[in-house]
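For chain H, the structure is supplied; the task is to place chain P on it using the hints.
There are 2 protein chains.
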Amino acid sequence: MTVIKWNVRAGTYYDSVVLMQLQRGLLELDGVIDAGVVMATPANKDLLATNNLLPDTVSANPDDLLIVVKADDDSSAENAINQVDELLTRRKSSSVSEDFRPRSLSAAVKQLPEAHWVLISVPGRYAAGVAREALDLGKHVFLYSDNVSLEDEIALKKTAREKGLLVMGPDCGTAIINGVGLGFANRVRRGDIGVVGASGTGTQAVTAQIHNLGTGISHAIGTGGRDLKSDVGAITAHQALDALKRDDETKVIVLISKPPSPDVATSLISAAQNADKPVVVYFIGYPPPARKIGNLHFAISLSEAAETAVNGNWELVIDKKLPITNYYLRGLFSGGTLAYETLLGLQASLTPIYSNAPITNYQLLDDPLHSRAHTIIDLGDEFFMVGRLHPMIDNDLRIRRMKQEAADPEVGMILFDVVLGEGSHLNPTGELVPAIRAIQASRKDIEFAAMVIGTDDDPQNLQSQISALEEAGVKVFRTATETVEYVSLKFGANKQNQFTPVNLEQLKQPLAAINVGLESFYESLISQGAQAVHVEWKPPAGGNEKMAALLARMKSKK
Amino acid sequence: MTVIKWNVRAGTYYDSVVLMQLQRGLLELDGVIDAGVVMATPANKDLLATNNLLPDTVSANPDDLLIVVKADDDSSAENAINQVDELLTRRKSSSVSEDFRPRSLSAAVKQLPEAHWVLISVPGRYAAGVAREALDLGKHVFLYSDNVSLEDEIALKKTAREKGLLVMGPDCGTAIINGVGLGFANRVRRGDIGVVGASGTGTQAVTAQIHNLGTGISHAIGTGGRDLKSDVGAITAHQALDALKRDDETKVIVLISKPPSPDVATSLISAAQNADKPVVVYFIGYPPPARKIGNLHFAISLSEAAETAVNGNWELVIDKKLPITNYYLRGLFSGGTLAYETLLGLQASLTPIYSNAPITNYQLLDDPLHSRAHTIIDLGDEFFMVGRLHPMIDNDLRIRRMKQEAADPEVGMILFDVVLGEGSHLNPTGELVPAIRAIQASRKDIEFAAMVIGTDDDPQNLQSQISALEEAGVKVFRTATETVEYVSLKFGANKQNQFTPVNLEQLKQPLAAINVGLESFYESLISQGAQAVHVEWKPPAGGNEKMAALLARMKSKK
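In order, the protein sequence lines correspond to chains H and P. So the number in our numbering is just where the residue sits in the first sequence, counting from 1, plus 908. So the number in our numbering is just where the residue sits in the second sequence, counting from 1, plus 908.
Next up, chain H with everything else stripped away, as it sits in the complex (with noise of 0.2 Å):
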């Protein structure tokens, strides 16, 4: 017959590495068959109900220390319990040097005034007020810690920008600053590949597999998870983005993310446009608009990203830098999947851009009839089609369209489509181009794109079809990727960033850095040969909330 006994401890601060420590131990001891050591937050508790280690009498809130043991007989158990604070004094002195160690962050700054860099993996609830004690004392953070509120990650990421610094995080697993891993990371050597990565092990992943093929990483600058959410609007990613595109010994960027917001999708995906370096970008789990636009290169894996940063041909990249316009583009479209291809694709770096099929909701225009910002439009969407001809038969909707578009004077280029083949009107071309010929003779500065799609066994004689559009000036594609790649250059690229640069001397210095929090990650950078204080931090009043509450309104009294 097992035994289960339990202890709890109110309003007392234990690290992590302590917690596991005491159950480790409590699971030596004669006649222990589990143990569970957990603050009692629900998820805790249900986690040790899981295991049976919950009794229904246990009453224990959030900020308690649970101690649970179930043993083959009443004295084990006992016995056990009894031992806790012996266990919690043996780990204490084992633990090396701690009197020589800073208590604060400010006195470690003295201690090693070189290091731009503070590690932070205290629990959650003080992890943001180290952060801003980092900032104020001009170091960048990198914010292991999760359960951080997303207000604080965003005043944060508002004070560091102000002062050029990084807020990396929270729960930032992964990070490589000249060739010194910050949390976990792999071993890997330096090189040409720069890292942005809005997701830790995603970064290992990328990291690892670039040294495994033979290359290296100048540095990974991770961000956090919430980076790329329209709250944070990608304030790190950002910053990262920014240093690496102005340092010299990064030859490639990667960009990772999991799924991003799709208004910070765009304004990532313009600035890395305005790279003069190839960009591989790898948002997990948001469509790719194409292969590849401009200096931008899409994957589709971590595995591809990687491979493709390492192997990639960069031969042809920025040969296309393209006079950009701050007009709009209008799409006027037969065929609905071709809309939908290209709006796919225009997505990424066209903002705002709306359409009558839309791909996300917030991209629906309200009156199809009118076009806002960039607009693509599926003429042959039944809204129109009650008694009239699909416009690949019928010219008269688009033309009136396109007639429509010209008169607006914020419109710089006029996309259309031209699907030939059975079926369709025998001579697209022979109606659209005196259209286009007649805006043209008022509208010079719109430029008209047309995506023909046929064969050379169609009855319209495409060769004829594309000529007469060239002859009137009009560019002419035969895919939606190569309209996609082309307009983009047009329209996507943005202006440049407007916030206080990350200075990039500090990067290239030798990594020195203050740890707050899990002395594994001081070890860890020691072991890299990195210089590095660790911080003998406790939480204020000893994790007593109240406690603590107390000292704070005394401290903003005086």
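Watch out, some of these pointers could steer you wrong.
A pair holds if it fits inside one copy or across any two, identical chains being indistinguishable in the list.
To be verified - With a Cα cut of at most 16 Å, we get these calculated EDC-like pairs of lysine to aspartate or glutamate:
1) Lys1018 <-> Glu1444
2) Lys953 <-> Asp1275
3) Lys1416 <-> Glu1022
4) Lys953 <-> Glu1290
5) Lys1018 <-> Glu1041
6) Lys1311 <-> Asp942
7) Lys1200 <-> Glu1212
To be clear, the hints were calculated from the coordinates, so they are not data collected in a lab.
The following block gives chain P in isolation, referenced to the frame of chain H:
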């Protein structure tokens, strides 16, 4: 001073060609500046208004024909309106051999009994009725008409499936059956690539490019754009895929669609996995699960789909027929991104699949502590992390979860990641392997697979970690991509289809078809050398809805 005059004709049916020709006839008249001839739906009235052709005083219902003329002066406008009847008659008398044409589908079938195909392009509100008639006559339907209700589509397709007949559409633009294009279709040479297309111009773009690249098409079967939505369940796409799988003349299948409903995507991908030939999949806007999973090749653009179908290297296809299991996968990850990328890849073929870090909401696992069906767990999620070390440092949580999963008799595979590097546990397999061996002692039938991320410079010794796993019978992969392919092939392919197969012989016979609706589609069939009969179709009661309803009631009382 321009003058606008108009004429409203209630309850009379004219086909779209007549309306277009009337409008063009009016525009040729002296003094006429612009003209509009439309069914007076709200959309069409808006369109007239946009073209300044809709005075406020016009009153017309959606079933009414509205004729508007803008002219230089009153008499020109008056004259034009007065000529409407004559223009309508002129159009009529120009049509040849009308008298010899059948006036009903059943009469047409008697005239061309070898026709297995009926093309329907009558207005949407009549189309379902004609399609039903065609199915009753045992014919495949190409349903070009749009504005057909979803309910009608589902009913028609269910009926057709029972009979082994195809309903391509509604709103199906394109098909190529045995070398003959139906609706809008490019002329392409015959070849060994078959296409299933839930997208009209998508099918055109892909088939045209395949021709332009020098090869050709066996059959291209359209489905209509809604076929891959949950409500319809891809009835036609499944039938078409099944037919092309069985067709010896088809060596490669291309499957294209706008974004399918996730459940439908999974069912189609599983069906495609069952093919013993390569299938190129392009679901526009759907993030590809991988570049390749067994015989499946995922493209990210229409042109890439065409290029892959033509140039694909199929040598290694189908060498990996793994024993398919009916049991479930449990993935226990320490890396959030690795979990996410694995889920992204597996969701395409494993169903149902759940996660505490879902890609779509319906995948959300209610209780992160208990798996269901196929499950991918991110054990590093902050839910688990309060007061606990990350699973890359502390293996306790994962080992407990492995035991828990192994206690579930429905579990067939446990997948996990081992992420090495700085900061991570110094010998994770030292703790994981004994736990695995303990499980294997009682559950020999559970397969273990691991994804190992690391480099040869990592502190853990990559090779010894891999060897320890392999010695314990764990299947080791180095990337999510490889893992996804292996697991997909193991669990993905589903059972055989349970429906009446389409009669392949009917696809292989010289195409003979009956056309109801747009005469140009009939002419196109003839010009391609197909046998065809055009039905001189008129709506019931000449398009007078009230009269038609009365007739229908009388008929039902008979």
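Between copies, within a copy, both or neither: which fits Lys1200 and Glu1212 at Cα up to 16 Å? Classified as both; 13 Å inside a copy, 12 Å across copies.
Within, between, both or neither: Lys1416, Glu1022 at alpha-carbon 16 Å: within (13 Å within a copy, 79 Å between copies)
How do Lys1311 and Asp942 come out at 16 Å by Cα distance, when the copy is not named: within, between, both, or neither? between (78 Å within a copy, 14 Å between copies)
With identical chains treated as interchangeable, where does the CA-CA distance between Lys953 and Asp1275 reach 16 Å or less: within a copy, between copies, both, or neither? Classified as between; 13 Å across copies, 54 Å inside a copy.
How would you label the pair Lys1018, Glu1041 (within, between, both, or neither) given a Cα cut-off of 16 Å? within (14 Å within a copy, 89 Å between copies)
At most 16 Å between alpha carbons: which applies to Lys1018 and Glu1444, within, between, both or neither? Within one copy only: 15 Å inside, 94 Å across.
Within, between, both or neither: how does the pair Lys953, Glu1290 come out at a Cα-Cα threshold of 16 Å? between (56 Å within a copy, 15 Å between copies)
Comparing the model with each numbered hint stated earlier shows that all of them hold.
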